[in-house]
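There are 2 protein chains.
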Amino acid sequence: MTQFQSRRDMFHLPSGITYLDGNSLGPMPKDAVDQARQTMADEWGEMLIMGWNKADWMNLPGRLGDRIGRLIGAPSGSTVVGDTLSIKVYQAVASALELRPGRKVVLSDNGNFPTDLYMAKGLLDSLDQGYELKVVDPEAVSDAIDASVAVVMLTQVDYRTGRLHDMQAITRKAHDAGALMIWDLAHSAGALPVDLEGCEADFAVGCTYKYLNGGPGAPAFIYVRPDLADQVRPALSGWLGHEAPFAFDLDYRPGEGVSRMRVGTPPVIQMAVLDAALDAFDGVDMSDIRAASIALSEQFIREVEAGCSDVELASPRDPEARGSQVSFRFGEGYAAMQALIARGVIGDFRAPDIMRFGFCPLYNTADDVSQAAAALCEIIATGEWDQPQFKTRKAVT
Amino acid sequence: MTQFQSRRDMFHLPSGITYLDGNSLGPMPKDAVDQARQTMADEWGEMLIMGWNKADWMNLPGRLGDRIGRLIGAPSGSTVVGDTLSIKVYQAVASALELRPGRKVVLSDNGNFPTDLYMAKGLLDSLDQGYELKVVDPEAVSDAIDASVAVVMLTQVDYRTGRLHDMQAITRKAHDAGALMIWDLAHSAGALPVDLEGCEADFAVGCTYKYLNGGPGAPAFIYVRPDLADQVRPALSGWLGHEAPFAFDLDYRPGEGVSRMRVGTPPVIQMAVLDAALDAFDGVDMSDIRAASIALSEQFIREVEAGCSDVELASPRDPEARGSQVSFRFGEGYAAMQALIARGVIGDFRAPDIMRFGFCPLYNTADDVSQAAAALCEIIATGEWDQPQFKTRKAVT
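Order-wise, the sequence lines are chains A and B. Note that our numbering has the first sequence beginning at 913, numbered continuously upward. Note that our numbering has the second sequence beginning at 913, numbered continuously upward.
Since the list can't tell identical chains apart, any single copy or any two copies may satisfy a pair.
Heads up, simulated DSSO-like pairs for lysine-lysine below, C-alpha to C-alpha not over 30 Å straight-line:
no., residue 1, residue 2
1, Lys-966, Lys-1303
2, Lys-966, Lys-942
3, Lys-1306, Lys-942
4, Lys-966, Lys-1306
Because the hints were derived from the structure by calculation, they are not lab data.
Input sequences plus hints: build the corresponding full structure.
Written as structure tokens, this is what we have:
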């Protein structure tokens, strides 16, 4: 019986599978299917268009935003759910830039997830007003923050190594230099305690299909600092961010606070599934999850390094400096990961040589860790990875 | 037995309800629940992260795009599904503007759905380079197309009146003036034949929760003229529009053709539901749907006008000049619509005085039309609408 056994029971975990890839896609909560059925059959099917009122679909983005807000230190009414993380990054950068006129630099690091960089660059290329996306090494971010920087945009947890940025220190540095701070919490929300209000972050975005288990393509979220939200001009000024969407005015007037970051019609079925998934966090303290996560990742590093000398730890050794994942480098990491998957141990691979393993104490146990570590060591020790079927690259890796 | 009886049987239509609001939200296809269950339980639940390959989730946006493409005259490979209609409008306008450097006007009409105008204006305000959103009366669009216009952006079917723009004529006029043409097909796709290729439209966008019955918040679609697509720079340059998303390059390289209009991770569950919904169109010729739709709307106008002199037709009387809806003006239209809904006849209301009725021959019959017309006439003749409970405005109307 592990600490979170009752939570583990809330998930469907296929038999024979050790799942350490919840940092890519969380497993399915058992209630998700029934929640989707209910939303479809009982609401869409029976209420038809009236579901927007009767089933309160219209307020799902804010209601789910508040549920996530509790996990990331965001006060009620400061977070909304919708769109994809890419879109939410765009909204945050576009809004932040206008709040710092005259400053031309968006600062990020090369450990950021590529789509964040792509979206920012795409925006800056549209603006064509001398803006620059400056991408430095993660360790060089702090020193690169100067008076030219309008916005610092970082993902807290490096998707490859799990390396953790110090949100408090970097946000303070950004503010001291007069810049605004955007945090991408894709690998943080649901994985470790985040204190958006405490660190005074200006914007935060994240996805809900990783540690929040919202399902494939679950919607993203965006947070705007409450005292800033009413100053924000939404670049993506969609009708559901309008003060009165159903007045059908020809002119846009932004809604109150973060509600203006809503854009189009919310994906109700996908949101219903996310709603069910968030039940797994009810009554859970993120610091308990963090402590359990560190125990699992420390155990994994210990057991892998004890049994296998051919891999190199790619994650920070200090657990306080890494998120809820552990990555090892191995030259034939792709093939080794395929061999692991063939044995039912699911992690994933990031080029050129990183094997990633995510730990989610809500459903991962010490047994999972032992099985994964033993399998990895055996695959490498025996050269089991060195087979043609493990070397053929798939579309999604 | 009506022409489309076997199609009608594919939908869940609540007993006692006459549903004439499929132009807002199509009813639930019976297979949708099982499709969602299968995608969740059998794919997400069992395949976990491997679903992206094994269940081919990654190609849903293009596959569904092609299914919709068949209904709107778009060749295979020219349409992708994703995001919301608002986002797709933004993408189209942003891309089109860059293809017409030096031109500063985006031309639209005041019959366009407001979010199209909001999104375009939001973009132009970001660009801040002398751009103008020019909004004229629908009848004045053609004459307003001149050499200053970069982009003409119109919704084919007016969401209030059903008035239909001539896609062929306006697109030709735009091209003659050197402008690009964006069509919003929100009220067209699945409702009437559209020939994007034939009319040489440059961009088209639309939603899938109206006549395509994809469910509340179903994703949108975007079409780009094939010979134009590779010239387009995506302003919303997300990782799934990248040539090689899983190379995780720091620099963005647009994918081939319309695939570059993909942005973030696709909402797989919502897309699976849409996939099931599109089955209702398999083997159906849009011209047969159009003929049946005209028969229904002509019947409705005839019966309402025969039974009730207090309402005024707001839709074009010529069926060739209107989409698949009929609107009547009535000073107390809001209350009258609430009284209709209380009787189980579902249409909707658009301020200030428009009662809308949508006709979808896949599930609507001549009996539906007779019942709705009779109920409307009786409600108005008897003053049944004049009760307090029908006059209180709801959040979504």
